[in-house]
Each structure stands twice: as structure tokens, then as C-alpha cells.
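Protein chains in written order, with my numbering: chain A, 59 to 298; chain B, 59 to 298; chain C, 59 to 298; chain D, 59 to 298; chain E, 59 to 298; chain F, 59 to 298.
Since the hints were derived computationally from the structure, they do not count as laboratory data.
Do not rely on the hints blindly, as some may be mistaken.
Which copy? The list can't say, so a pair holds if one copy fits it or any two copies do.
To be verified - No farther apart than 20 Å at their CA atoms in a straight line, the calculated lysine to any residue pairs in the SDA-like style are these:
#1 K288 - H210
#2 K288 - D122
#3 K131 - R104
#4 K84 - L121
#5 K131 - V216
#6 K84 - H210
#7 K289 - F83
#8 K65 - A292
There are 6 protein chains.
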Amino acid sequence: MAPLGEKTKSLLRDVSTATLTTALFKRGLRNVFLAGLRPVNPRAARMVGEAFTLRYIPAREDLDRIDVYQDPKHPQRAAIEAVPPGHVMVMDCRNDARAASGGGILMTRLMVRGAAGAVTDGGLRDTPEIAELDFPVFCRAPSAPLNLAVHHAVDMGVPIACAGVAVYPGDLIVGDGDGVVCLPRHLADEVAAEGWEQERKERFLTMKIRKGAPLVGTYPPNEATTAEYKKWLADGEPEL
Amino acid sequence: MAPLGEKTKSLLRDVSTATLTTALFKRGLRNVFLAGLRPVNPRAARMVGEAFTLRYIPAREDLDRIDVYQDPKHPQRAAIEAVPPGHVMVMDCRNDARAASGGGILMTRLMVRGAAGAVTDGGLRDTPEIAELDFPVFCRAPSAPLNLAVHHAVDMGVPIACAGVAVYPGDLIVGDGDGVVCLPRHLADEVAAEGWEQERKERFLTMKIRKGAPLVGTYPPNEATTAEYKKWLADGEPEL
Amino acid sequence: MAPLGEKTKSLLRDVSTATLTTALFKRGLRNVFLAGLRPVNPRAARMVGEAFTLRYIPAREDLDRIDVYQDPKHPQRAAIEAVPPGHVMVMDCRNDARAASGGGILMTRLMVRGAAGAVTDGGLRDTPEIAELDFPVFCRAPSAPLNLAVHHAVDMGVPIACAGVAVYPGDLIVGDGDGVVCLPRHLADEVAAEGWEQERKERFLTMKIRKGAPLVGTYPPNEATTAEYKKWLADGEPEL
Amino acid sequence: MAPLGEKTKSLLRDVSTATLTTALFKRGLRNVFLAGLRPVNPRAARMVGEAFTLRYIPAREDLDRIDVYQDPKHPQRAAIEAVPPGHVMVMDCRNDARAASGGGILMTRLMVRGAAGAVTDGGLRDTPEIAELDFPVFCRAPSAPLNLAVHHAVDMGVPIACAGVAVYPGDLIVGDGDGVVCLPRHLADEVAAEGWEQERKERFLTMKIRKGAPLVGTYPPNEATTAEYKKWLADGEPEL
Amino acid sequence: MAPLGEKTKSLLRDVSTATLTTALFKRGLRNVFLAGLRPVNPRAARMVGEAFTLRYIPAREDLDRIDVYQDPKHPQRAAIEAVPPGHVMVMDCRNDARAASGGGILMTRLMVRGAAGAVTDGGLRDTPEIAELDFPVFCRAPSAPLNLAVHHAVDMGVPIACAGVAVYPGDLIVGDGDGVVCLPRHLADEVAAEGWEQERKERFLTMKIRKGAPLVGTYPPNEATTAEYKKWLADGEPEL
Amino acid sequence: MAPLGEKTKSLLRDVSTATLTTALFKRGLRNVFLAGLRPVNPRAARMVGEAFTLRYIPAREDLDRIDVYQDPKHPQRAAIEAVPPGHVMVMDCRNDARAASGGGILMTRLMVRGAAGAVTDGGLRDTPEIAELDFPVFCRAPSAPLNLAVHHAVDMGVPIACAGVAVYPGDLIVGDGDGVVCLPRHLADEVAAEGWEQERKERFLTMKIRKGAPLVGTYPPNEATTAEYKKWLADGEPEL
């Protein structure tokens, strides 16, 4: 597949996850929201990037000992070093937050390497430290135990489940204060454009609602409101 | 039933949900707290109003399509426009937060119309925007997907379940930082008065505890403490 | 068992719960994190103290009436007055947050009495008030109903379950922004010392990672990094 | 809507719930299976009938007292007497099996009145007795407490949720050993016919598989297998 | 407390758990059913006996090693040997069925010692073997792992939680095909007598319903039905 | 790895899952039981075979359409045809039983091909039909919807999670009436031999217990009992 245009990513940075779910719903996709994940740093929740996946299975005591990290090719560590710049690391922890899937040092390394963010449906440790980073990270819950206590990193770059949603490598992962949406790669361009337009329209409609317009005729807009909207666009999108 | 006196609402604005649950417990009601709901804007958690109910059932793909909103009588939109001023919109989403039961525009419209707040045991979208409103809104979790993905608004003004609690139209819905309590209408006047007195007493007792008084004799108060309390009231309720 | 040295507690105040779980994992202990508990006041999450336990079982309507508090020996109230200074009150509520296990007055009394904090796997009421205290309190969720609605305080000073973890009286209870860890008493001295060293090392390694060092060779450190670390220690631990 | 033809019901008695879900999936309906419900009497799991709905909300102690049944119009009792012959009573208990939604006497009365079965997403009491009836009853779990302990029957004949699925009055409710499916009324005739044909085909394909045919070419059938199937039909559907 | 009369136990053997919950509901007790427990051998579900309690907390790897059973005073083994004849062993496993709280040998020993049954809200192992015993045993689920993997037996003879219900030593534990009810000791005599009468009445009413009587007037019975019932009693309780 | 000796499998057919978990617990493995799975046909629960794995992720509406089965290489169908004789098909459905991971035709095909059984942590459809097969199949729950409604088969022969346990291809999968255990391949020979001996000893000890021996001295056996056991072995293992 051709590299994703920077245009699409740029547009998506102004599109909310709410708007994306509606655009995908119109295309028949109802299960695209990674339910129950929260941003560790709410001031850095805005996130757009292609998915780079890492899959965990349950730990086994004889395999998952503290010395496994002596192996420089350990899949968790290798994955951190393999995420391409601009990508989001997405981790499948089977929705199990009894242990962390990473901590402050790994999230810092991801940020330094230019990743666009990180998402896990497991836990994260060192969350007070991560909350200070200007880097989007989403998890199910803070959780102090190291990943080896519950999770075993097994492979990367494969399709995974994350928070009940299918994530294929290369899908667009978009985050904001509501949470995280997975936008299938082949729909990214058209949904980004449509979503950007929708955001602009909702900005206008919200101003109308704030000033007392009723829902009927406004949301969704009828012909009169649509005409008014077009005029507003022509007028340079002023505050109402 | 006669309209609720403004006095009762006014008193309730100074009564915590904790105090209300105790007053209702004394009357044999143990299941009045809508467990697991959080305020979207913690600075606007204080809420008092009569319940106006909206009931959702699960969505069905052939009925719940994006074009249903073209119908100006769609129950969700109609309900928003029907909530009387001073009432709280309470939504039964079967405790399912996989989708939103509303978003920024609908909550803004409710606020503009003079509603006292909104409560849902489902999700809400556009929560960063809602968190900026000076309007009490409680939900189970932020959730980006539009309600049609999971929920079907079916009727309003009927008794419902919300977060495991029975809510009858007209019941008093009270919210604060602990969450939301449903206070049956017929008990509202007496519980409001009793709760207001209890809050005043607890303000006094808390000052005593802060200054080192032991629980025994203070909480609950014995005769000596009760006498001291009466004197404090007579003295004009000074800081201790 | 001999009283715990103040040195150990002092060291633990600088050790994160994440680091503690790793030290315990190395010793074969995998289930030490009280999953799902959050600090009521995130600015006061740092907590270290010995466990003083209180056990609840389910309430029964004929036994758990509002007048039980007239008994000055009621186990909940007695427990609050019995927590030794420097100890953490740990409450077993069977992970059930449908009701509170305490509120503002009880937490204030604990603070005034010199307790080191409080932990419950149930709910807490008056959380807006507790969030203003400079006192570490962890719970599963805010919950307005009084404990009698769901819980019955039955005995204190016995081994309990809290959030899925065994807590024996005298174990070290350590809290921070990630949550709460139970550190068995007999391991406290050695784990405190090891943890304190590990924190110092991670401070150094984090600086290295921030400046662009790769994970391989740094985390965990190879011989070169270890030598560099020793030099950094000798140099007086400067900012890098 | 016109009364449902007896032909459609008759066909459905030979169609499994598995086959029905596939036919509905082809039409875009993915959420039609009432997950987690089991037949009380597995020998009487086969059930077909139109839905007659009853809705429960949570009980409230002052309203749900034992004397409510003195009212001959109590909604639960009235609903039992109102189910038309051939219909299935479907009860919305919010997936909460902490109490029963009925017991042996009510299920016996339903049977005597000619109902086609009963379905609840709550509990049922007297299950050993109900298991002896030749009458299809499905529930989430056996549960001894009377419904008033947790549930309040509120209205009948309205659209409801049952086990996470939308059930509209008049929908076809079909049960077998796998559980219960809700088949929307407007699709009943065509799905019944298609399902009946599919069952016949699967009977043939299963015999082929038992005799060693591989999945490829058989399930789904290729042209050769389809031709063989047609011959088998022409031959009078013999055992293979 | 005086020993329980054999008369009360004898009556209770003919009273269903459903009937007991209703009698306790009338006395204000709503939470007496141990939800979610099933008989291992459904043909041996009828059980009546006083509670003898055993409490488990979570296991800790350094304390719960296989060699603990070398200690003849290990609480789990000691408890089995301490259950008085006619009593029911009730185990608090915090509703966690990830491991067994006993197996075939322990259940056999209980039976041989004359216990009236066993109840656990955890798992049980060797369930195929236990299902062959003529001995009532209830658990949450079959579960092969030995208790040490998850549970630590800590003390006996104390009030416990079992399946969400308070169980005090000496309470009456009654089981049947619906599950298990805890009947507080001080109510046992009067509830046994009332329940026995209610069972007799329901036997009569069930015969009426089977023969076509409507619910109204029959269940609950009106004056005419009550008169008919009295005559039936006088007639020697014949089959109708 | 060398092929597994038939001797080991043969021994394992006489070893219960309970005994296996104890042997693995002694070796430090505590998480080997696939919690919550039940045999569809309880008379055919005995199962031993190497794991052949199939992994599912969540379905996506545009990818998981009914026509995917026209592709003879569809992973689910390909996996069924690829399971080697004597192996157990183990499916990772993320513990989600909202849809089936197979049905009667696929299970029949597995049986005909000589597989040793099938295990899924999702649902299964056509369970009444599967319950008639003399073939061990374990699932979380009966569930009518086809897998495409919720699941997407993605790859086979990789390490997976099943019911919370790590399953590596080639591990021994053992089932009985208690459920399913995963026995790591490298431990199979020694655990099989040890387990077989343990079963023989427990047969003896159970007879002792049935005849009235106390737990102390018998379970675990002291020297005297051990001597008695050796004599029993020498005597040809008679019924006691």
C-alpha cells in the first residue's frame, strides 16, 4: 500500500474521534472505538498515526523471568525500537490491566524516537511520570506490576485485538479526550476529508445552538440552515 | 402531584448525596445511588432537579440508520426539546457505555433550554467540550460512537432503570462529586429539610474532629456534644 | 516481630510502587498490587505505613441499622480509634464499591490521629472533601451510600483480602500515583534498600534515554552503561 | 400487521437458532442472539412464538412489598393472564439474575393458557419443578428470591431489551438447545422459508462430512456438490 | 444459643429455597440467596444444616507452598476434621473460582464424618467424582487447580461472606435445585414452620393452576380459594 | 522437538486435570487451567492431544462477510483441514462467547479427520448435535451466531491465549469433567509419569478415607500410611 499522505494525517488532527465513528458508521463499521481506554496525560490526548502492533499472550512462569531482558531481541524491547516515526504503538494485552505493558522509560524512548503515541488495552506503570510527557499514551488503567507478571510479548506487526477492536498494521489510530478510534487504512483519505468538513459544520451548528437555535432544523440542518452555513463559509467563518 | 416547592430544591443544593443516602436508609431505602457515574465537568457537579426520563433499548441495524434524524420527531431529539426547565434528563442505556447517549451539541441545547443537568448510565461523546460547559452532566464513561451504534431511543416520560436504580418521572435527581442519588418525589420535602439540618450539624462536628475530638461522643454526638452544638447554633455558627 | 526501623520507611518514601513490584517479582511474588484502587487526592498519593486491617462482610438488614453507631465499640468506629500512628488503615470490602467504607469525618479523624493513610477496596463518600485533605486515601470509586447499606464491619487486626491481594497486619503498604502495593513485612528492609538503589539507577537511565540512548545497552544497562553509571554516582549524580 | 401465517411458525419449528442467525447476518443483522440464556428443561427447548413483552425496572422498598399481589391488576400477574396463545412471554430484567422473574406456578399457568414459552434475562425460581414441565422456558440462572426483592414489573407490550437484544412485540422468538434468537416480524416469512431449505441442505452436507468429505467443495458446496444435492433431493432425501 | 431442635431441621427439609426467601423478605431480609452456586450432584441438592465457616484470603507464593499440608494443623484440613455432624461447611473464597477450595477426598471425608453438606463460592476439583457422591455440595464452577494456587485458608468459625451473603456460624444453610439460602439462626424456628405451611398451600394451589384456575383469586388465594384450601386440608390433602 | 511418545499420551489418559495442576504447581506453574470452559458432551470429556492453535481477532464488517467462505483458503476452514491426527484444535476467541467459533459440521469434520478434540474460549453453535458426538469439545457457552458476527480467523500455529492461559503449539492439552489444562510440552513426559503414580496413590487413599481414615496421616500420607500403600501395591492393588 502506498505511504499515507501527510495531508490525511494533517486533516485528521482536527477531526474528533466522535466524528470519525459517525463517518465509519455510515460505511457500515460499528465497532471501531477502543472502549475503556483513557489518556494518561489529558493535555496530550490528540494523536494521529499508523498502527504498529505488538501482541502479548499470558505469561508463563518458566519463560517470563526477569533475565529475559538480557536478550537484546526480546520482543517488547525490539518492538519499541522498531516503531517507525509517526506511528502509534498499539498493544494487545487482552484487556487485562493487572500488569503494565510498559512504563516511563519505554514511553520516553518511544517519544524520543518520534513515535506518534502509544495505546494499550492493559495497564501502564510510572503513570505520574508519563503524565508529564508531552506524548499521547492511552491505557486501561495505571498498574504497577511489570508486564512479565501477567503478559508475554510474542510478536509484532500482526493484526491484533485491542480493547475489542480489530487493528491491522497501518490502520490509522486517532485519539482525543474521548478515547481512541481505529480507522481502516483504505478509508483514511476519504474519511479524513469528510470528517474535516463535518467538524467545520459542527463548529457552525454549535454556535447556532449556543445562541438558542432548536435542534429541529439545525441538527441535522434543514435547507435554510444549510444555506446559512454556506453563507457563513463564504463570509470567512466568523464567530457568531 | 403538586409542583415541587422551590424551597425544597433550594435546600437540596446544600445537601450532599452522602447525607441523602443516609436519610433514605433511615426510611428503608437502600438502593438509591446511581453507582459508577462520574461528572464530566467536576467543577459543575452540583445538580438538583426533577427527573425527565428517556429510555433506550438495543439498536437494530435496519431501524437505526443515520437518516433517522431526518425525522424531527425522533425520540432522542424530541426528548431534548421536551425537558422542562429545571429538570434533569435521565437516560436508561442499560449501563452500556459502548456508545454515547449524547454529545456536545445536545448537552449544549439542554443547557440553553434551562435544564438542570443530564445523567446517563451509558457513554457520552465530545466530553472535552462538555467538560467546558458550566452544566452538570454525569455518565459512565466517555465514548465516541454515536448512540445509533448500540442504542435506540424508544420512549420518554416512563419509569426507567438508571445505573441499577429505579427512576420515576418527577423524582428528585441530586448530584455532587460523589455521584448521583435519586430521591423519590414523595419524600423530597422532608428529606430536604432533614438533610439540610444534618449538613449543618456535620459542619460543626467536622470542625470538632479537626481539632482533635475523638469519634466516641462526637460522631454520633452524645448529650454533651449535642448541647455544645446547640450553643454553637445560638452563637451564630462561628468557625471553631 | 521487632518494630520496623524508621530507615526502611524513609527509604520507601522514595521508591515507586512499580519498582517494588519488580523487586517482589524477583523474589517469586507476583500478586502484590491492589488492582483498581485510585488516590482520592492525587496530590497526596505518596504513602508508606504498616497495615492495620479492618474486615467487612455483607450487611444484614436486622443487624445493620442506623442505631448501631450508638454503640461506642462498633467495630468500624473502634478501628478508626485503634490505628497506631504511622499505620495505614486497610479495609476489606470484598471489592464492592456499591457503598462507602468511610467518609470525610472518619478520614479526618484518621489524619488527626497520625495515621499514614487509608486504603479500601470498596467505595468512599464525601470524596470532594477528602480530596482537599493532605492525607493519602485510596478507594475503588466514590460512592455515596453509608457502609451499613452494603457492608458490616466485623473484626480488625486479622489477615484480609484487599483488592485481590493478601494483606497481613504489619505488612508495609506503599502508595503512589500508580496505586497501592503490599510489601510483606519480612522483606521490607531488603526490598526498601534495593528499591532505593534501583530508583537512583532509573533516574540516571531515564536521563540517558531522554538524550537519545537506545534501549539495548541502556535498559537493562550493559557493562559500559554500568561503568558510566558508577562514574555518575562518583561525580555526585549531576543532571545530564 | 397481518397475523403471522401458521405456515411460517411451522417451518421455524424445524430451523435451528444457528441457521437463523446466519440468515439474519446476511441481511445485516448481527445482534439477534439473546446471549447467556439456557433452557430450564433441555428436553423442551424447541420454541417458536410471537413475543409478548413484560418490562421490569429495579425494585424500590416502599413500592415493592409483599402485599402488592393483592392487587389483581399487578403488572406481572396481569401480563401472565394477557399473553395470547402461541406467544412467548419475554421479560426484560436488565440481565440481572439476583432474583427470579417468575416461578413454578406462573410458568404452569402460562403453559395451561397455551403460551408457546417464556424467556427472561433474569432468574427463575422453582427450577426443579419447571424442569419437569413440557414447556420451553429460558433464563439466565436459577435464582430463589422472589422478583420483588430486585425487580418491579412496570409495563407490558412495549419494545424491550432482553439479554442485550432489542425485542419488539410480535417479533418471532425461536429457541433450541443453543439458546434464543429474536427474528424481526417483517423478516419472518422469508427467513423461515430460507432457513428451512438451509436445514435440509445441512442435513445432506453433514452426512457427506460424516462419510469423509473435506470441507473444501462441501461446506460451502461447490457446483459438483450442489448437483449431488439436487439429485439427493430428487431421490427423496435418503440416508447416505 | 440453645441447640437447634431437630424438628426445625426436619421441617426445613420440605421447604424450598424459593419459599424461604419469601418468608425472609416479609421480615425485611432481601439478601439471603448465595447467587450463582450450583449443586455438583443435582440429585443430591437437598441440604439442611448449621453453618460451619472457613475463610480464605488470597494466596501468597512464599506462604502457600505444597509442603504446608505436612502441618496437621493446616486450617483447611483442620476445618474438615472440625465440622460437627449435621453441619454444612461454608467456605468464603471471595467468589473466585480460579482455583478449587476442595476436591474429592475432602468432600468424601466430610460425608463420612456426617456433615450435612458443603458450600463454596470458589471452585471445586474432582467434580466428576463428587457428582457420584450422595452428598450435597455447591460451588461456583468446577476448577481443577489446587486451592494453594489462589487461596489461603486462614481461620474458621468466624462470620464470613459467601457469594455476597453474610453467613454467621450456626445460621441455617438450606440448599435445593435453585441454589443455597442462608437463614439466620434466630429466625429458623418460626420460618421453618411458616415455610412448611406455605409449601403445603402451594401444593394445593399448583394443582388448581394445573387444572385451569386463573391467577386472580388463586395466587394469592382469595377468600373462596382459602375456604376451598381449608376443606382440602380437612379432606386429607387428596390429589385434585 | 522430537515427536511425543505415545507412552506419555497413554499415561495422561488416566491422569485428571486436578492432578496435573498440582504437579505443575510444584514446578512453579500456577496458571495452567483454562478457566470457565465446559465439555459440550460430558460423557466425552476425556481428552489428550498436542495443541494445534487458531487465532481469532474481532470481526470487521467490510472484511467478514458471508462470502469469505468461498475462499477455500479461509483460515478457519484451512485450520480444520490442517489439524494433525491426535492433536487438539485450540481456538483463541478472546474469551468472547457472543458468537460461535464453530458448529456441528466443523466439529464432525475434526472428528472424522482424527483430531483428539477441540477447545475454544468462545462459543459453539449446534451444541445439541455436538453433544451427540463421541468427541471431546470444550467451549465457554453455547452460542448460535456464526463466527463472522464477532470473530475473524487470522492465523494458525502461533502461540495464543486461551481462557487466560498461554498455549504454545505442541503443548499437551488435557481435558476431563473439571475442564482443560495446558501442560507445557517440555514437562509432558515427567509430569505424565508422576501424575499416573499420583492417581494410583489417590485411588488407595480415597478408599481409606471412604472407610473412615482421618485426613491427618492419610492425606498427605505419613510413614505408616505410605508403608501400607506399598504393601497394597505389592498385593496387586485390591479393592479395600
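Against the structure, the hints come out as follows:
| no. | hint | verdict |
| --- | --- | --- |
| 1 | K288 - H210 | neither (55 Å within a copy, 32 Å between copies) |
| 2 | K288 - D122 | neither (61 Å within a copy, 29 Å between copies) |
| 3 | K131 - R104 | neither (31 Å within a copy, 36 Å between copies) |
| 4 | K84 - L121 | between (46 Å within a copy, 14 Å between copies) |
| 5 | K131 - V216 | both (17 Å within a copy, 18 Å between copies) |
| 6 | K84 - H210 | between (38 Å within a copy, 16 Å between copies) |
| 7 | K289 - F83 | neither (29 Å within a copy, 44 Å between copies) |
| 8 | K65 - A292 | neither (23 Å within a copy, 51 Å between copies) |
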